[in-house]
Structure formats: C-alpha cells, structure tokens
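With the hints as constraints, model all of the structure from the sequences given.
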Amino acid sequence: MGKIKLDEIDHQILDMLIDNTRIPFTDIAKKLLISAGTVHVRVKKMEESGIIKGSSLMLDYKKLGYSFIAYVGVYLNNTSQTKFVLERINEIPYVTVAHITTGKFNIFCKIRARSTEHAKEVIFLLDDIEGVYRTETMISLEESINDKKRLMHSIFSDM
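Numbering-wise (our numbering), the sequence shown opens with residue 62 and increments by one.
One or more of the hints may lead you astray.
[As the list claims (entries may be wrong)] List time: in silico DSBU-like cross-link candidates among lysine-lysine, alpha-carbon distance up to 35 Å: (1) 123 x 92; (2) 144 x 165; (3) 210 x 106; (4) 209 x 66; (5) 124 x 181; (6) 106 x 91; (7) 165 x 91; (8) 106 x 165; (9) 181 x 105; (10) 114 x 124.
[Unchecked claim] Across the chosen pairs, the derived CB separations fall in these ranges: (11) 72 x 197: 18 to 26 Å; (12) 175 x 195: 23 to 31 Å; (13) 144 x 76: 15 to 23 Å; (14) 171 x 76: 22 to 30 Å; (15) 195 x 84: 42 to 50 Å; (16) 83 x 123: 17 to 25 Å; (17) 219 x 106: 17 to 25 Å; (18) 215 x 83: 20 to 28 Å; (19) 82 x 145: 15 to 23 Å; (20) 97 x 178: 44 to 52 Å; (21) 154 x 124: 15 to 23 Å; (22) 143 x 108: 28 to 36 Å; (23) 99 x 165: 43 to 51 Å.
Read the hints as simulated data drawn from the structure, not as lab findings. None of the values given here were measured: they were computed from a predicted structure. Virtual Cβ for every residue (Gly too), placed ideally from N, Cα, C.
Printed below as a string of structure tokens:
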C-alpha cells in the first residue's frame, strides 16, 4: 500500500487533534473556516486509512503519585524466550512500555513508580522472570522533550 496523500487542511486538523484529542469538530471547523461535516469526513478518512489509530488521554502522573521514571534494559538467557518474557512483563502494570531491541539489551522497558523503593520492587519483579539473565536500570531525572508535533511537522514537510 502506498503513502496516503494528506493536504494542508488534513495537516491542520491533525495538528489541532494532537494538541487536544477532545477538541470538538465544530471548533476545528471554525478555526479552519470549513464545515464540521468536512472535518468529520476527513478525520473518518484518516481513521479508515490507519493514519489515525485512535486518541489517547494524557495523565499527570506526578499528581497521581507516580513521578518516578526508570528505563530498564533486560538481558535474556536466550532470544527464543522473548515472547514468554514479554508476556510476563505485560503482567506488571508499572511497566508502561516495552520494546524488543537489537544491541545491548533484548528488551527495553519504561517503568513508572511511586518512589525509588517502589521502583526497586518493580525491577526485582523483572529480574525474577524466568529467562531473564539480568537487568540494567537508568533513572530518568527529567523528561525534557516529549513533543509529537515536531515529528509530525517533519513528516508533513517530507510528503
């Protein structure tokens, strides 16, 4: 399947939806001087083509008491254990992201915890999974960049 063609209106709609996934189509329409029906049709087209895969809610984890972030590289005894280990990792709710990787680690995880003590408990859970040889942890001091729009604008300029 080839690349989907998006025009400037599509770009502007996506830009506004990235800022606020709950923005009403009527507000987008007013800002772009088009009808709400047009916005609806274009969003539906982008959903059907797979460009828009849904919307998400952003939480302030700090206010919820989960401001501690760590990244854990997981070494496996055997790469054939990857699927099994990922299934066990998926059972740990504090692991919010897991990637199968090349290079130093077999799996790379992001964890959210209440404190260093809680993070230690989560890391020990990872260490205890059958097939995990060892883990290596990096503590995030601050999330300095988390900007989906910069990438989106680069993709649009390349189209």
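That 17 to 25 Å hint for residue 83 and residue 123 (C-beta), does it hold up?
21 Å, holds
For the range 17 to 25 Å, tell me whether the beta carbons of residue 219 and residue 106 fit it or not.
20 Å Cβ-Cβ, so the 17 to 25 Å window holds.
Quickly compare the C-alpha distance for residue 210 and residue 106 to 35 Å and report which way the hint goes.
20 Å, holds
Verdict for residue 97, residue 178 (Cβ pair) under range 44 to 52 Å
Holds - the Cβ-Cβ distance for residue 97 and residue 178, about 50 Å, lies within 44 to 52 Å.
Check the following: the C-beta atoms of residue 143 and residue 108 are separated by a distance inside 28 to 36 Å.
32 Å, holds
Is residue 106 within 35 Å of residue 165, Cα to Cα?
Since the Cα atoms of residue 106 and residue 165 sit roughly 41 Å apart, the hinted pair is violated (cutoff 35 Å).
Does residue 105 lie within 35 Å of residue 181 when you go C-alpha to C-alpha?
44 Å, violated
Residue 114 and residue 124 were given as a pair; does the straight-line alpha-carbon distance stay at or below 35 Å?
Satisfied, since the Cα-Cα distance of roughly 28 Å is no more than 35 Å.
Just tell me: holds or violated, for the beta carbon distance of residue 72 and residue 197 against 18 to 26 Å?
Because 40 Å falls outside the window, the suggested range is violated.
Should the hint that residue 99 and residue 165 are 43 to 51 Å apart at their CB atoms be regarded as holding?
49 Å, holds
Would you check the hint for residue 106 and residue 91, treating anything up to 35 Å between C-alpha atoms as holding?
Satisfied, since the Cα-Cα distance of roughly 20 Å is no more than 35 Å.
Mind checking the hinted window 15 to 23 Å against the Cβ distance between residue 144 and residue 76?
38 Å, violated
When the structure is compared with the earlier hints, violations turn up for hints 7, 8, 9, 11, 13, 19 and for no others.
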